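Participant: If you want the building blocks of each chain, they are given just below.
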Amino acid sequence: MNYLAIDTSGSHLTVTCRKGEKTACGFVPECNLQHSVILMGEIEKTLSEAGMEAVDADFFACAVGPGSFTGIRIGVSTIKAFAYSFKKPVLAVTSFDTLAYNRCKEEKFIAVIDARHDNYYVCGYDGRELFLKPEFIGREELEKLADVYTLVSSTVLDGFKSETADIKDGFIKAVEAKSDFAVSDREQLVPLYIRKSQAEENT
Amino acid sequence: MKYIAKSADETEKIASIYAKTLKKGDVVLLDGEMGAGKTVFAKGIAAALGICANVTSPTYAYMNDYDGVMYHYDCYRLSSGEDAESLGLTDYFYGNGICVIEWGENIKDALPEKCKRVIIKKTDENTRIIEIPEEDK
Numbered sequence: 001m002n003y004l005a006i007d008t009s010g011s012h013l014t015v016t017c018r019k020g021e022k023t024a025c026g027f028v029p030e031c032n033l034q035h036s037v038i039l040m041g042e043i044e045k046t047l048s049e050a051g052m053e054a055v056d057a058d059f060f061a062c063a064v065g066p067g068s069f070t071g072i073r074i075g076v077s078t079i080k081a082f083a084y085s086f087k088k089p090v091l092a093v094t095s096f097d098t099l100a101y102n103r104c105k106e107e108k109f110i111a112v113i114d115a116r117h118d119n120y121y122v123c124g125y126d127g128r129e130l131f132l133k134p135e136f137i138g139r140e141e142l143e144k145l146a147d148v149y150t151l152v153s154s155t156v157l158d159g160f161k162s163e164t165a166d167i168k169d170g171f172i173k174a175v176e177a178k179s180d181f182a183v184s185d186r187e188q189l190v191p192l193y194i195r196k197s198q199a200e201e202n203t
Numbered sequence: 204m205k206y207i208a209k210s211a212d213e214t215e216k217i218a219s220i221y222a223k224t225l226k227k228g229d230v231v232l233l234d235g236e237m238g239a240g241k242t243v244f245a246k247g248i249a250a251a252l253g254i255c256a257n258v259t260s261p262t263y264a265y266m267n268d269y270d271g272v273m274y275h276y277d278c279y280r281l282s283s284g285e286d287a288e289s290l291g292l293t294d295y296f297y298g299n300g301i302c303v304i305e306w307g308e309n310i311k312d313a314l315p316e317k318c319k320r321v322i323i324k325k326t327d328e329n330t331r332i333i334e335i336p337e338e339d340k
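First to last, the protein sequences are chains A and B.
The opening residue of the first sequence carries number 1 in my numbering; numbering runs sequentially from there.
The opening residue of the second sequence carries number 204 in my numbering; numbering runs sequentially from there.
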């Protein structure tokens, strides 16, 4: 399947595409909140490396978070614009998938995204199946999880031992692995919201 | 450190000197009542950072972005950290620019752990005491 996929959900930028057997990938490790400025140029460059035009894509994909608020919205609106104009399906990849899909060890693990102020977004994987749905938790709860499972993250988690995931390869692998889940209802591509439980909100 | 400014010009000048101590990624909270000169202070920081644009209060926009070098916030109309988060205003705290924040107390729970502070007190129409507390090491 041919595709164009982008990850603008963090301080980095990944643009990746495939046409037939040819793949290309552009990766900027640090874009200093300038995704909107450099994204189109990177897309153009990556497409041409794969000898591809946007119209060749069978689906369009992007990272839907958790991550940078504005970055995610830049990604979702860009991918929706492509998908609507070429009438192609869309695929959502979560930031947890990006952390998880590069891992090959056969054990349960927790993908962790730092939400700052001692809060974390977590999601539990057993291979590529979820055993713990995305959740917003505090430090103590993460400590409990860390006692039992390996933590995987893209950043250093202060006070925790964790494996560092390759977010570029992880994103590409997640897009490839999930390609069958692309949907033609383009409105389904939305930022991922993970809310605190009602009890926490009220404290 | 305490300074006394006898005019808006002097406040701006003190801010320009203070700006030399700032590093990329710093978040500065400007404390002071309405009319104390917080925006004037932000102007002085901007000038020292080489920003040529005219710095005005971001009352309606919440935040003005000066080319990613300085982000100037006015949180007067925000009532919680969640407000700031749901407007996408908190991404910039962890970027490579300097964040200068007015009425930061309104979004206390969304601010980074290490913020710098500048306290501006009005003593009479033109005189201000500008206090820059020692930072916790």
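There's no promise every hint is true.
Claimed, not checked - Partial list, derived from the structure: chain B residues whose beta carbon lies under 10 angstroms from chain A:
1. 225
2. 288
3. 292
4. 294
5. 300
6. 315
7. 318
8. 322
Said to hold, decoys possible - No more than 30 angstroms apart at the CA atoms, straight line, and that leaves these computed lysine-lysine pairs for DSS-like:
9. B:311 with B:324
10. B:223 with B:205
11. A:161 with A:105
12. A:161 with A:178
13. A:161 with B:317
14. A:19 with A:87
15. A:80 with A:105
16. A:144 with B:311
17. A:161 with B:227
18. B:319 with B:227
19. B:317 with A:144
20. A:80 with A:173
21. B:319 with A:168
22. B:223 with B:311
As the list claims (entries may be wrong) - What follows is a list of derived Cβ distance ranges for each label pair:
23. A:176 with B:286: 33 to 43 angstroms
24. A:32 with B:289: 33 to 43 angstroms
25. B:338 with A:85: 20 to 30 angstroms
26. B:337 with A:118: 20 to 30 angstroms
27. B:262 with A:53: 37 to 47 angstroms
Calculated directly from the structure, the hints in this document are not laboratory data.
Note that the structure is a prediction, hence the values are computed from the model and not measured.
For every residue, glycine included, the Cβ atom is placed at its ideal position computed from N, Cα and C.
Participant: Tell me, in ascending order, the numbers of any earlier hints that this structure violates.
Facilitator: Violated hints: 1, 7, 8, 15, 21, 24, 25; rest satisfied.
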